[in-house]
Amino acid sequence: MASVEALIEGLQGVGYIASRRIATALYMAVNLQKPILVEGTAGVGKTELALSTAALLGLPLIRMQCYEGLDESKALYEWKYGKQLLYTQILKDRMGEALKDAPDMDAAMDRLHGMGDLFFSEPFLEPRPLMLALREDEGCVLLIDEIDKSDEAFEAFLLEVLSAYQVSVPELGVIKAKTPPIVFLTSNNVRDLGDALKRRCLHLHIPLPDAALEQRIVASRVPGIEAALTQQLVSFVQSLRTLDLRKSPSISETVDWARALILLNAKTLDGDVVRDSLNVLLKFEQDIVAVEPQIVEMIRKPLA
Amino acid sequence: MQAALEDFFRALRSADVRISPAEAIDAHRTVGVVGFEDRELFKDALCATLAKTKDEVERFDRIFDTFFAREALGTRPPPPPEGDGGGESDPLSGLPPEAAQSELARMLLEGDPAGLAQAMEAAAERAGVAEIRLSTQKSRLTRRLLDEMGLAEIEKIIANARRLDHGAGAERLDAARKGLVAQAQAYVERQHELHAAESGRNLREELLARKALNAEGGIDPVDQAMMQALVKKMAKRLADRYSRRKHTRWKGHLDVRRTLRRSMSYGGMPFDIVFKTRKVDKPSIVAICDVSKSVAAAAQFLLTFLYSLNEVVDRLEAFAFSGRMISVNEVLDEHKVETAILEVLKQIGFQQTDYGKSLEDFCEQHLDQLDRHTTVIFLGDARSNYADPRLDLLATIQKRSRAVIWLNPEPESYWGQGDSVMHRYERFCHVAKPCNTLAQLERIIEDVLRTYIPH
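Protein chains in written order, with our numbering: chain A, 1 to 304; chain B, 305 to 759.
This is chain A alone, in the form it adopts within the complex (with noise of 0.2 Å):
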């Protein structure tokens, strides 16, 4: 984490080839301790990025998948209910006994309140993952994927938690942590996200790559496979990329292609072999319909 190229050669080590930009963005979210919001079509690397950053750094990752109707019990604690409502039960027994011998109602009042009271403790809590990232005393990796997947209540709620690290449990208090941790949030811009949460965060725009780059990422995520057929298969996604498609394919589909290959044996790309695997490509049926044609030529003439 010494410097930007630094950091660019460790993700390299990891398996991630990041763009100078990515690699800024992340340096800056480790060194002023903010949290990134990685934004981004979906397949372009914006889960990896978090998870190649807990490997590089050797820190726990820490995953919280978003939903609407996410809310603070599933993502920060929760009462462990039912040993509460025992626990009551048990109580009830014991403190018949306890306050047998009490005089009169105030003594047993004051023996009442001189119990411990354990109801809401630590005990009966039930760390999520935003309370277990907080606990982590040696600092983690907190992944917050597709946070625009949630409402806006739950975004509101995770202010506290981005911007200064800690939340605040009403029955207990203040807990903070001790190490930040490295908080990534991706977006997959289903909505708008509130700028009040923007404000909090770093910002980082993933485009999908150029032809040099996604080379790179093919060869360094496919291990074995032939320099010639990761160029040509690679400018054959990025004259796909030119069409006009309901989904185009972005890396993830290149990298799952690139292994459909391998698997048939393809040695080059010839239009039969694009046509059997052409649905790892696209994921719709008008999109393969579309392209179906056209593909002979497009594998003749790679982009410029």
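Check before you lean on any hint, since a few could be wrong.
Result set (DMTMM-like, lysine to aspartate or glutamate): computed pairs, CA atoms no more than 25 Å apart in a straight line [as the list claims (entries may be wrong)]: (1) B:Lys358 / A:Asp210; (2) A:Lys83 / A:Glu126; (3) A:Lys83 / B:Asp559; (4) B:Lys580 / A:Glu226; (5) B:Lys358 / A:Glu171; (6) A:Lys247 / B:Glu634; (7) A:Lys247 / B:Asp359; (8) B:Lys358 / A:Glu155.
To be clear, the hints were calculated from the coordinates, so they are not data collected in a lab.
Guided by the hints, dock chain B onto chain A, whose structure is given.
Same frame as chain A, now just chain B:
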């Protein structure tokens, strides 16, 4: 450097990149970490702190390149003095003595780009060049900038030199002066690009938003595209604000009372744990849009809003009518906004209005869609060509629905004049408002969404 960064923030803000003081502080901390040495690193780091969406990143890149493009200044060295025997000589030779006292003349003739750039920055600050708002201010500000730099002095030196017959020196200085003027013009041009170009567009958009939709001649074709974009922007804003609240049903807190009640059957053992839930009322809107001849100018925009409402509200039933009424839900769902509007207009647009007939159509076929959660929005001018307005049907609609809102593109003073039956319809509406500019439309729809849609 702080001043330069602040200027940079201002340029970014005028390009609609929102930068709060907190982000400005972050940017300063960023600069503290990365320093200025590596331009790429400096740019990327600032970009990560300041630009918060994809669009903003693009604008940031553009502004950064324009703002920090200072190297170009004063790269042309002036021709060395001739006939004095070598480049070692004093560049001020061949000029009257007052030239030696002029700092600017020295810099110009020695070719000191850094000094010149600094002098120009300082002068620009005194002349207030960064305050530029309109392109017409360019020449005046250029002149002021040059005056502040001391151009008058140079001109005097040149005049003196000519008078005292120092022809060669005067020519050299004059050439340098011309170069300086060109640089000053370029500088002001760049400032205009940084600070004013965006605000000029914003001004035009603002005017457009306030322009009456049914004004004489309608919207200028030149503005048409901009108007479409504006409508989309407003729709997006509304969608962002109101689409989020759809699912606020939450679960998580123990409902102690009901849990204890249920545990009775197990002898007080809490097997069955109940959590608090909150039911969310699902809003629904029925929008009925007039697309007849009399509202022709406004029809496009009413439909555009219908379209955006369709994206905002979960349960929107959209209808359009002129002579008869049809449901346009499918058209709105299937097509993009431009084609959807054309399609609707093609199917039913620009015919004779008949409000009575249309209400009849609605009541016959779609009355069952109204219940106590439904808000009915009419968009139309209530000009019924003297046909029976069928007030009884509107009364039925009012009785069955939660609220009836009428948005009329005509100003209130026209209501009830000629064939308009607005005043008679108004009695059955919870809200009846004129709405003939885009800004009004947005405000009213927002009010509607806030007040009449429970969340």
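- Message: Run through the hints listed earlier and report the numbers of any the structure violates, in increasing order.
- Response: 4 and 5
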